[in-house]
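Work out the full structure: start from the sequences and follow the hints.
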Amino acid sequence: MENEPDHENVEQSLSAKTTEEELNKSFSLEASLSKFSYIDLDKELEFKNDLIDDKEFDIPQVDTPPTLESILNETDDEDESFVLEDPTLLNIDTIDSHSYDTSSVASSDSGDRTNLKRKKKLPDSFSLHGSVMRHSLLKGISAQIVSAADKVDAGLPTAIAVSSLIAVGTSHGLALIFGKDQNQALRLCLGSTSVGGQYGAISALSINNDCSRLLCGFAKGQITMWDLASGKLLRSITDAHPPGTAILHIKFTDDPTLAICNDSGGSVFELTFKRVMGVRTCESRCLFSGSKGEVCCIEPLHSKPELKDHPITQFSLLAMASLTKILVIGLKPSLKVWMTFPYGRMDPSSVPLLAWHFVAVHNYVNPMLAFCRGDVVHFLLVKRDESGAIHVTKQKHLHLYYDLINFTWINSRTVVLLDSVEKLHVIDRQTQEELETVEISEVQLVYNSSHFKSLATGGNVSQALALVGEKACYQSISSYGGQIFYLGTKSVYVMMLRSWRERVDHLLKQDCLTEALALAWSFHEGKAKAVVGLSGDASKRKAVVADRMVEILFHYADRALKKCPDQGKIQVMEQHFQDMVPVIVDYCLLLERKDLLFSQMYDKLSENSVAKGVFLECLEPYILSDKLVGMTPQVMKDLIVHFQDKKLMENVEALIVHMDITSLDIQQVVLMCWENRLYDAMIYVYNRGMNEFISPMEKLFRVIAPPLNAGRTLTDEQVVMGNKLLVYISCCLAGRAYPLGDIPEDLVPLVKNQVFEFLIRLHSAEASSEEEIYPYVRTLLHFDTREFLNVLALTFEDFKNDKQAVEYQQRIVDILLKVMVENSDFTPSQVGCLFTFLARQLAKPDNTLFVNRTLFDQVLEFLCSPDDDSRHSERQQVLLELLQAGGIVQFEESRLIRMAEKAEFYQICEFMYEREHQYDKIIDCYLRDPLREEEVFNYIHNILSIPGHSAEEKQSVWQKAMDHIEELVSLRPGKAAELVATHFSEQIETVIKKLQNQVLLFKFLRSLLDPREGIHVNQELLQMSPCVTEQFIELLCQFSPNQVVETLQVLECYRLEETIQITQKYQLHEVTAYLLEKKGDIHGAFLIMLQRLQSKLQEITHQDEKTKEELSLKDVEDTMVETIALCQRNSHNLNQQQREPRLEPQL
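Residue numbering for the sequence shown follows the working numbering, beginning at 111 and increasing consecutively.
Among the hints, a few may not be true.
[Stated by the list, open to error] For each label pair, taking beta carbons as the anchor points, the in silico distance ranges come out as:
hint: 1; residue 1: Val1109; residue 2: Asp967; range: 46 to 52 Å
hint: 2; residue 1: Pro854; residue 2: Asn819; range: 33 to 39 Å
hint: 3; residue 1: Gln1238; residue 2: Arg1165; range: 25 to 31 Å
[To be verified] Below, in silico cross-link-like pairs of lysine to aspartate or glutamate (DMTMM-like), each with a Cα-Cα straight-line distance of 25 Å or less:
hint: 4; residue 1: Lys1064; residue 2: Glu984
hint: 5; residue 1: Lys261; residue 2: Asp320
hint: 6; residue 1: Lys928; residue 2: Glu882
hint: 7; residue 1: Lys581; residue 2: Glu549
hint: 8; residue 1: Lys600; residue 2: Asp260
Source of the hints: derived by calculation from the structure; they are not laboratory data.
All values derive from a computational prediction rather than experimental measurement.
Glycine is no exception: its CB is placed at the ideal position from the N, C-alpha and C atoms.
Laid out in structure tokens, this is it:
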């Protein structure tokens, strides 16, 4: 007994040489097909055979592998995600081993599935990816299929299988074998219609790896094997599976002596081909019984020759899809179930799908199984782990908005899906982005429904399998070498990925030039999807794409000029070029082809003046962002002239300061800048074009100096010039270029020295006899003293402590003092700025400056004893800044305080007292300063509250506050009351004694006791006797008698008897009645109100007629209403016996 050899029959060479043109038609060499299929391993994924270590994948012997029966006897649980057959041997990891950037097709595994289908919409991907797939009708094969049906009664096509040859099965039992060369000639016609009448239609086909054998499965259950070289029938198998069931699938494995078949009973059988003593036999073994759950799809793992040594191949894996779950089993070395995976809930009419492909993950190539039923595709990465077991990792699954009837890998990154309405979807697996959709209804796809219903044997199948078969097209779609073949009722179509160049050209043919450039750029940058035909390293690929892009750009430029509207408004032409020219500029710069942009492209576009203008304007953003340097002199000149002609001078200035202008006519550019007030550009041109830093200063000084020396107000334009001059000087002294960048390092010391020498010149170059000394320093001090001194301060910070720097600093300081102190035309603020600047410099620890101390005394006299009293706050602020900057050390402190008090500089006094911790004296400063007197309360509060002050200091502050309590109360009674209540509630009676003025005392107590005053005082914390409240009530009776009742309603802590005596003293009868009522003496209160009413009535009756008319009855009415209200309020408190003797006699 021996295994059947692979080379039993003479091989027939089917390779045919084809050209690239023929590739662009329908077919190519098998080698080309193989290249397309594995381009993702060889190039995109950089697969290398040496990544696989044979020792690492050495598989230990498994003692007792589990049997298939263990899985078949289990009940199906749709809610279970995985069923582990042998946990010790199988590790399922649900962690996603890929992280993906986008999810345009797929979303997370959640939510209502029907809702997902309804709402999920995809953007049109054509503009982004172009046409990814090329589909062609195989005219030769299609014509011969139709012809065979007519001439030899072959019947309609039913199944297709593709390898180096194309096999098409027919409904009358024939297998037509076609070549894949350009002619698509019919090579063999296997079988006969007589046999077809006996066996039925061919329902499944399979070609082995070396394309030497063909297996045919029939609708009535028979199987035949053919030699594809000779056309000889090798085997006719009738007993491999139960009779009366159709063959749904027949599949060769990588072992040519082993095949798998699946029948309409849902069973799966292993077929082993042997040759014993020259006799061919076939042994059948049942792998899966349909009685345990019907299998309707099988897929053995195939590996190409370059992966034959992969450790996973020795397991001979087989994936099977039943109506409820997926199974992955190993046929070798012994039968073993490695994994099951239930579908979960799904539409029972949806078609189970399986597809294997080798992919590279983390630099290792392993098989990945895609399986689907309905609208979710699951991906499982399968590999052998260190223990020798199969390890399965669940990858990110793909949620779709349509149901699938076919899933095909075209390479490891790209999959092609066919939905239930016969629309193809090309998907990038890693990003899950949809690249293209193609409508293929014109194919008139063949469906395998009749075989799933087993109509040829009487339809003896389950209802569930028949329902799945409605959309089954397993045998109508076959993929090989990166091509997918679709079998129609009268035709065969082939689909393949277009090469990158073909995708670009396809867009060009449709006049989509912008999209073609964008797509080409995505190839250039390595961001495109489903890339075919780009090989070599990154730089080589970029060079190839760049050359093609340059060709397109020339075509694009020609088209822009050719398609320009000849007639109409200039705006129409401008809009046309604004739409097109920026594209040329963008891509030339992206490709770093300035040579092309500024020579051929510019010359071409300059033929049209409008195009030329738009071209020049396109350069602006690149120049401003410093992405474009090194333009040709001609383009620079044209650019400046163009913007000048359009009166866009601000744009011209912005451009000039970003350009290398050394190649231009410097004098001409300077003149243009000066005439158009482009001062930044003028300075830039002097600096960069001629390394000249002083000339622009002189030009600006000549404009702003005369009006400043004459005491005139500067115009807005002159102020702008002065500000630019200050910033420019600051940049020069700091080593920075103006308006941006840095001065070359070797020039920095030279520029600093030149600018200093310029500033301290005794006279200007063209000085008149009346010019005062040091004109430049004088002008800048007059223009903006503070900013000029800030510039000098920053410069002094940068100075290194060398001899020359020290001399420069001292020289500048001497000149500043000479200019400002000896002149009376500077304001106190300006003089103060100078001495504040000097104080800061002198206060530095490493100070080397010398300033005569008597000058500070002169400044103190100048600020404190002016000829007039104007600018008081300004002078005080200047002196305060001077002291805070460190100038305090330059003065004798007692003299300073005396002069500050005399000048009423209370902030200065506060500053000095604070240094001496004489906080009590600061209270006087606040009270004397009309601008800040109300801030005294916060100051006292802070001193008494904030930690850090000693008890003696706090006591002195409080004592001072007590001494000025009348002043504080008269200033803000509420604030004074809050201060007392917060800090010294136990001394309130002492405060009251100090307040001799009764009106002030009344205001103080009202703020303290009346909660309606809005003062936040906690009454419970006030340690007061009732007599204080009663004293307030008595004051209230004197100064505001009308408010006594409503105030008593909110007051607390007063005694009723004493208060009644007070109100009786001031004859406030209504108040007395209120208090008696509150005391409970209703009768007494009523008597008082009644007396009050009687007296008012008597007043009216004793008046003469005239007065009576004038006198209002309102008082009487009010008293009457209050009396009645008193009775009503208290009637429920008195019983009938009390009411009659007390109230009725009086009424």
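Structure-based check of each hint:
1. Val1109 with Asp967: 46 to 52 Å: holds (49 Å)
2. Pro854 with Asn819: 33 to 39 Å: Holds, since Pro854 and Asn819 (Cβ atoms, about 36 Å apart) stay within the stated range.
3. Gln1238 with Arg1165: 25 to 31 Å: Given a distance of about 28 Å, which is inside 25 to 31 Å, the answer is holds.
4. Lys1064 with Glu984: It is violated: about 33 Å lies between the C-alpha atoms, which goes past 25 Å.
5. Lys261 with Asp320: violated (32 Å)
6. Lys928 with Glu882: holds (12 Å)
7. Lys581 with Glu549: Holds: Lys581 and Glu549 sit about 17 Å apart, inside 25 Å.
8. Lys600 with Asp260: Distance ~12 Å between Lys600 and Asp260 Cα, so the pair holds.
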